[in-house]
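Participant: These are the residues of each chain, in order.
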Amino acid sequence: MTRRARRLGHGLLLALAAVYSLFPIYFITIQSLKTPQEDVFGNALYVRHATWENYTELFAGSEARVRGYVVLPRVPYLVWVANSAVVLAVSLVVTLAVAILAGYGLGRLQPPGWRWWRRLLFATYAIPHTLLFIPLYRVVVALGLDDSHGALALMYATMALPFAVWLLSAYYANLPREIEESALVEGASPAMAFLRVILPMSRNVLVAAALFTVGTVGNDFMLASIFLLDPSKQTVAAGLGVMDVSLEELVAVAGVNLAAIPIVVACALLARGYVRGLTAAMLEGA
Amino acid sequence: MPAPAPGGAGFPLRPSRRPGRRRIAVAYALLAPSLVLVLAVLAYPLAWETWISFTDFSSRGGRHPTFVGLENYRRLAGDSDFWRASAVTGVYFSITTAAKLAIGLGLALLLARPSRARPLVFLAVFLPWAYPGGVTVVAWYWMLNPPLITSYSVVAADVKHAIDAVAGAGAYAFLTVILFNIWRGASFTAVFLLAGINAVPTELFEYARLDTRGAAQRLWWIVLPLLKPYLALAVFLSFTTAFADLANVWMLTGGRVVFPVIGTRAYWLGIRSGEFAQAAAWSLSLVPYLALLLVLLFRWFDSPEEQSA
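Protein chains in written order, with the numbering used here: chain A, 8 to 293; chain B, 44 to 352.
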């Protein structure tokens, strides 16, 4: 095989990988830009007369509206977006804060049996929260978090925590000791050495842990729909996605798609850090 | 974190044969929030689920469950539905895992080679996993099980009937769920394995180039063994989705689960029929497999002899 043919083949494979990965997202975006007429009579793969109608509908207020033969339900979209943002932010902060402490405690200070503690925490990753919804509901009520965002944030934090602790502890475990020792020699306290030296160094690993949390949280709509009964407290995915009827509305499709944009932007900016973070954690101690 | 001792360097950081008592105390203090969080949320539910699986608790019975021993498990063993669901879960897990590893490895190797388009393609490959699953599951639903009114509904329905006619009712729904799981999971696997490839020293690949003939040999003798721990982790993560991802099964089939996996069946028994005890037994039937997988995973991914530092 000549060099040129090989390069061409590589390029084709890259293009194929991109199309394979993006097609469903392209597809749903195309559908969400269609008018009801084009939805029925147009082509499945492209849109001829793109319209923002489905998107602007989301912000049209909370009155029930009639469009064609369909009565659109009241959708407090902005409230749902705000709810999602709050839940995501709280679960991110809780997960990272708790995981950093545990990662440092286990990986750096290595108390006896630290490996087993880490394994124990990691094993909880396999527990399917959705199957435990009855006793989980009791816990939520006992904690006084019934129908509140706190319940959801708490649960999301436990879902993402095992992997985050694993990554961070692996990274901290084999980071060369000299790094903080020089800070200690300079007279810094261990806490200071951690905050000023170690923590900034683990930036990429933190990005990896954070994006993993976002991916885990973003995937859920079932727990949200189980634990948040009040419609005004729903997150976007749960609010729009769970009802079978609304799932078949282009407005719903537009709504969930729109909510994804900030996450996609964040991922685009942080993607490189994500891989570097994973690699760093693996290099330091798989 | 407690304030460090005044003037001193606090606890010694280098792990010694006998770690300082103070350091151990600090380590456990740092670990405590994680344990409290996980235990507060999960300990009671797990204990409850286990206890209930030994009782006759259901929405039809009284408020107080009575202990019935292994009755629920005995019923499970004699239930042909259970064995069918187990088989389906096994098939689902095998197919999705194999495909995720193959596609993920392919994408990772493709992205490991430098090229001008790599950053963009990497982002594309990353998106199926990073894009909120709640959105993409709707995308797949629209693609493969479209609502009645769209322009391509007839085509999709024809495909569905053709596949169901050959492979039995529900085959198409099963396929949809599998495809979605593979699409999303392969993205995660690819990025994860790419990070693993990056973690392997380049010299190793250089030697491999000299020592082996052909790319296939190199893949089998060098790349795969080096990536084994990451592959093991990918298999584990895949297993957890094989029964925990039931929300997606639910969505893609519009709640009409024709091909039940253990997870959906347990959920169905619990929430629709109120057979809480049976549902608990169904869910817990997966614990042995999970334990086995964890043992294998820790052996490959977390083996003490590799960690000599």
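Because the hints were derived from the structure by calculation, they are not lab data. All values derive from a computational prediction rather than experimental measurement. Think of the CB as a built atom: it goes at the ideal place given N, C-alpha and C, for glycine as much as any other residue. A few of these clues could be false.
Short derived list, chain B residues pointing at chain A, Cβ under 7 Å [as the list claims (entries may be wrong)]:
{"hint": "1", "residue": "74"}
{"hint": "2", "residue": "80"}
{"hint": "3", "residue": "82"}
{"hint": "4", "residue": "164"}
{"hint": "5", "residue": "172"}
{"hint": "6", "residue": "179"}
{"hint": "7", "residue": "192"}
{"hint": "8", "residue": "195"}
{"hint": "9", "residue": "197"}
{"hint": "10", "residue": "208"}
{"hint": "11", "residue": "238"}
{"hint": "12", "residue": "309"}
Listed below are several chain A residues computed to face chain B (Cβ distance under 10 Å; list not exhaustive) [to be verified]:
{"hint": "13", "residue": "134"}
{"hint": "14", "residue": "151"}
{"hint": "15", "residue": "155"}
{"hint": "16", "residue": "259"}
If you anchor each label on the Cβ, the simulated ranges turn out as follows [stated by the list, open to error]:
{"hint": "17", "chain 1": "A", "residue 1": "10", "chain 2": "B", "residue 2": "71", "range": "56 to 62 Å"}
{"hint": "18", "chain 1": "B", "residue 1": "110", "chain 2": "A", "residue 2": "203", "range": "56 to 62 Å"}
{"hint": "19", "chain 1": "B", "residue 1": "316", "chain 2": "A", "residue 2": "203", "range": "41 to 47 Å"}
Participant: The structure should be examined with respect to each hint, and the outcome stated for every one.
Facilitator: Verification of the hints:
1. 74: holds (5 Å)
2. 80: holds (6 Å)
3. 82: violated (9 Å)
4. 164: holds (5 Å)
5. 172: With Cβ-Cβ at 6 Å, under 7 Å, it holds.
6. 179: It holds, given that the least Cβ distance between residue 179/B and chain A is near 6 Å, below 7 Å.
7. 192: holds (5 Å)
8. 195: holds (4 Å)
9. 197: violated (11 Å)
10. 208: violated (23 Å)
11. 238: OK, holds: residue 238/B within 7 Å of chain A, min 3 Å.
12. 309: holds (6 Å)
13. 134: Hint holds; residue 134/A Cβ to chain B Cβ min 6 Å, cut 10 Å.
14. 151: violated (13 Å)
15. 155: violated (14 Å)
16. 259: Cβ of residue 259/A sits 7 Å from chain B, so the hint holds.
17. 10/A <-> 71/B: 56 to 62 Å: This hint holds: roughly 59 Å between Cβ atoms.
18. 110/B <-> 203/A: 56 to 62 Å: holds (57 Å)
19. 316/B <-> 203/A: 41 to 47 Å: violated (58 Å)
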